[in-house]
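Novice: Here is how the chains run, residue by residue.
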Amino acid sequence: MDLLLDFLTRFVTQFQSPSLAFLIGGMVIAALGSKLEIPDAIYKFAVFMLLMRIGIDGGMAIREADLGDMLLPAAFAALVGCLIVLVGRVTLAMLPGVKTEDGIATAGLFGAVSASTLAAAMVMLEADGIAYEAWVPALYPFMDIPALVLAIVLADLYLKKRKAGADAKVRIWPIVKESLQGSALSALLLGLALGLLTRPDQVFEGFYDPLFRGLLSILMLIMGMEAYTRLNELRRVAHWYGVYAAVAPLAHGLIAFGLGYLAHLATGFSPGGVILLAVLAGSSSDISGPPTLRAGIPTANPSSYIGASTSIGTPVAIAIGIPLFIALGQIVFDI
Amino acid sequence: MDLLLDFLTRFVTQFQSPSLAFLIGGMVIAALGSKLEIPDAIYKFAVFMLLMRIGIDGGMAIREADLGDMLLPAAFAALVGCLIVLVGRVTLAMLPGVKTEDGIATAGLFGAVSASTLAAAMVMLEADGIAYEAWVPALYPFMDIPALVLAIVLADLYLKKRKAGADAKVRIWPIVKESLQGSALSALLLGLALGLLTRPDQVFEGFYDPLFRGLLSILMLIMGMEAYTRLNELRRVAHWYGVYAAVAPLAHGLIAFGLGYLAHLATGFSPGGVILLAVLAGSSSDISGPPTLRAGIPTANPSSYIGASTSIGTPVAIAIGIPLFIALGQIVFDI
Amino acid sequence: MDLLLDFLTRFVTQFQSPSLAFLIGGMVIAALGSKLEIPDAIYKFAVFMLLMRIGIDGGMAIREADLGDMLLPAAFAALVGCLIVLVGRVTLAMLPGVKTEDGIATAGLFGAVSASTLAAAMVMLEADGIAYEAWVPALYPFMDIPALVLAIVLADLYLKKRKAGADAKVRIWPIVKESLQGSALSALLLGLALGLLTRPDQVFEGFYDPLFRGLLSILMLIMGMEAYTRLNELRRVAHWYGVYAAVAPLAHGLIAFGLGYLAHLATGFSPGGVILLAVLAGSSSDISGPPTLRAGIPTANPSSYIGASTSIGTPVAIAIGIPLFIALGQIVFDI
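Protein chains in written order, with the working numbering: chain L, 1 to 335; chain S, 1 to 335; chain P, 1 to 335.
A hint or two may mislead.
No copy labels: a pair is met if it fits in one copy or bridges any two.
To be verified - With a straight-line cut-off of 25 Å between C-alpha atoms, the simulated DMTMM-like cross-links for lysine to aspartate or glutamate are:
#: 1; residue 1: 44; residue 2: 205
#: 2; residue 1: 160; residue 2: 233
#: 3; residue 1: 177; residue 2: 37
#: 4; residue 1: 169; residue 2: 201
#: 5; residue 1: 177; residue 2: 226
#: 6; residue 1: 35; residue 2: 209
#: 7; residue 1: 44; residue 2: 226
#: 8; residue 1: 163; residue 2: 201
#: 9; residue 1: 35; residue 2: 178
#: 10; residue 1: 177; residue 2: 126
#: 11; residue 1: 44; residue 2: 178
#: 12; residue 1: 35; residue 2: 156
#: 13; residue 1: 99; residue 2: 209
#: 14; residue 1: 161; residue 2: 126
Don't read these hints as lab results, they were simulated from the structure. These numbers come from a predicted model, not from an experiment.
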């Protein structure tokens, strides 16, 4: 009873976080019909800055990290990415009124990762003084790529099976390549390479890191407004998308939390790392995923997967998921 | 005599301010035919940052303010906004060669408020070490909304009276709503709400406040270039617009200064607050006003009111009004 | 032998510079087919910030400088700008397969100056603790304008001579004016004037200077991607452009280094100043030059001169030229 109360208190405390406030503020002003517009160039720049910040920091951390420590969390990240897609394949994609390839694409997007959600969690962990290995955010591609690839492969297999007699092989490398060349992953990997191979400390500390927090608040605001706007799209597809999008971020995060806890027991993976792994799993891709899926599963309806992710999945992951996983971590690890 | 000399010295000293320098620099390079262009996305972003900075700071200040202290200045702000429109209605809008609804729209724009002018005055007050209550900039909507609403109502009444037999009621709420949903006021109110209800101190001090000063210099530059470019538009309408636009910012500011002084005597409203109230009254809207007026008084000619405000009203308000009101305040309050 | 080894060590050390790393990173990800895009508005804003930063700082420095000290370096800057164009006129423009006016335009672009290359060198000198007079970057227009003007005049003379009987005079003032009104030079001169005539210290130290370094890294990235993309254009013109673009930055820089050394002996021009003069000479214009040349020599093929400058000239000037001139300076001046 005390534990539950303690948990609830910690959960509610997270709502003072400015990141959440900006997200919710964005939803509220969009609902009130505000004509506020943040230019698209600023949105793209903010996303680029976030990814570079995460990448450079990750690269600098990997330079000094014991690679052995990264092995298990990276494997778990990939495992979770695949698990999410498989679970979506046998749940959402099977439901009545859900076109199978639409369901698979949605599962792929929820398996993929959102840099903004990750960044919001990083800032909130920092505000709470919860430490994590600096390389944890660099687990991003380990979860993102397998999820997108698996979703496209499963959709391909399904569509080919439907056509009698077709048995052409699914080629995986082009999907991986498409995913790596996308703007999000290539910015992240560029940052990783720069952090790993060069000495960007000064430009990181004087530019990418300080601007990151501020631009994150603007991104949250845009995502909030976007979430409200996309709700209309979601209304036009089966209600199951809404149910899935509301439940999946929390369910996926809890699975990842469990695996992260195993890594904690096995190799001392930090509490903050476990929480971030859960946040990565709970997040759904808002930048890199949609174009990759659009190219990879051209017959799937973008309204279904983008609507589900942007208007419900992301707000749930940020506004409920992050506080939940942080409060859970505080209880479990007694911090 | 000494007093006049003292006043003139203080007035001239203000011209070293970088804000004025950037404004005048913008006019000069535009006059010299410079092809310099600041992307529109940067302009919009700078305006957004200004409004959020003013809003968040105002919200945090209101949280700790004695609301009773705000009452009189807020009432005076609304009074000044309405007074400006009424004065414009019986002066500019009556003049020969001025179409009545164009004159009313112009008066509405001069009653409304400019965030950049306000921000320039805030930075200049700070440079001079003149304190003001942190909630003063949040008086913005109290002057802005009544002025725009009253202008649209007056124009409506005039146009309906002209049509024989028309006596449909003017509906005020849609005008207020339109005004609140505009990009400027919704950003300002969002900032106010975030400052009031959440704890954005860190992102305010690390992002919105420091960038605010720099982006203001860029806004001043753009406004200077814009002022020169719009002069052509102004040439095509009656010369009375030029006269009004040159005199009104100073006259309006002096009226507000007088009312502010009353508030100073009555409730101890700060000298800096009195100066800012005068600046608010002297400023004319460059962002929120024009679209609201365009929607509210569709038959009015935008060249007249935007030209008058952008090319003469704003430069006069910033480059003459602010130094004037500051010097006046220094003499009156002996600071 | 030791000297050579010392030189090579110093040369290689420069490659840890983040500026170079971002440039090379940009080329690598473009070659790998990345779809990363930095919005054009951000690119233009970054360039504007660089030029304002260089201009304001230069203006503030000139305010306190002994103008006599600037005289010789400024004269040498103009001399180098003209020399580069004349050398290009009698080498590149004479080669088989090179259209004469294309060759002259290319020489003009290589005589003109790149703000980003200059900025990269400034940051690298600072990282090495090599001092220079703060007014040195303000030598920019002294080299830039003469080079562009001379190129346009030479092209005009050539084209008129070709038409029998034509002897209309070439008018120089319109070319100078066109060049001064271009976005790059007008931003730089605005910054100079603001630094010289007003007190922008606070906005300089709080905004232009700190953002300058970070935005430079983004510019380098964009220039790297652009360099790779433009290679295709270059492939469609004569190979001599590639040879010229690879050799010219280093040759021009060495000429300027020699002249700078003379100024060092004559008037004590600083080692850092000598290096920056070489960098200015080695750089080729990426912003102001192309539109001026396009207007001034309309029959020249932009693919040839822009391709040569962007895809080979600039990367060579930054990634080989700057480290080379710094290492040379360290040896020559024993610093």
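Novice: If a hint holds in the structure, say so; if it does not, say that too.
Specialist: Hint-by-hint comparison with the structure:
Both within a single protomer and between protomers do residue 44 and residue 205 lie at most 25 Å apart by alpha-carbon distance, with minima of 21 Å and 24 Å respectively. Taking the shortest alpha-carbon separations for residue 160 and residue 233, neither the intra-copy value of 28 Å nor the inter-copy value of 42 Å comes in at or below 25 Å. Taking the shortest alpha-carbon separations for residue 177 and residue 37, only the inter-copy value of 17 Å comes in at or below 25 Å, while the best intra-copy value is 34 Å. Taking identical chains as interchangeable, the C-alpha atoms of residue 169 and residue 201 are never at most 25 Å apart, the minima being 46 Å within one chain and 56 Å between chains.
In this assembly of identical chains, residue 177 and residue 226 lie within 25 Å of each other by CA distance solely across copies; the values are 21 Å between and 29 Å within a copy. Taking CA atoms no more than 25 Å apart as the test, residue 35 paired with residue 209 passes between copies only; the shortest distance there is 24 Å, against 31 Å inside one copy. Taking the shortest alpha-carbon separations for residue 44 and residue 226, both the intra-copy value of 14 Å and the inter-copy value of 18 Å come in at or below 25 Å. Taking identical chains as interchangeable, the C-alpha atoms of residue 163 and residue 201 are never at most 25 Å apart, the minima being 55 Å within one chain and 59 Å between chains.
For a Cα distance limit of 25 Å, the shortest separation of residue 35 from residue 178 across copies, 9 Å, qualifies, whereas the shortest one inside one copy, 36 Å, does not. When the C-alpha separation of residue 177 and residue 126 is checked against a cutoff of 25 Å, the pair qualifies neither within a copy, at 34 Å, nor between copies, at 39 Å. In this homomeric assembly, residue 44 and residue 178 come within 25 Å of each other (Cα to Cα) only inside a single copy, at 19 Å, whereas the closest approach across copies is 29 Å. With identical chains, the CA atoms of residue 35 and residue 156 are at most 25 Å apart between copies only, with a shortest distance of 24 Å across copies and 41 Å within one.
In this homomeric assembly, residue 99 and residue 209 never come within 25 Å of each other (Cα to Cα): the closest approach is 43 Å inside a single copy and 49 Å across copies. When the C-alpha separation of residue 161 and residue 126 is checked against a cutoff of 25 Å, the pair qualifies neither within a copy, at 49 Å, nor between copies, at 63 Å.
Checked against the numbered hints above, the structure breaks hints 2, 4, 8, 10, 13, 14 and satisfies the rest.
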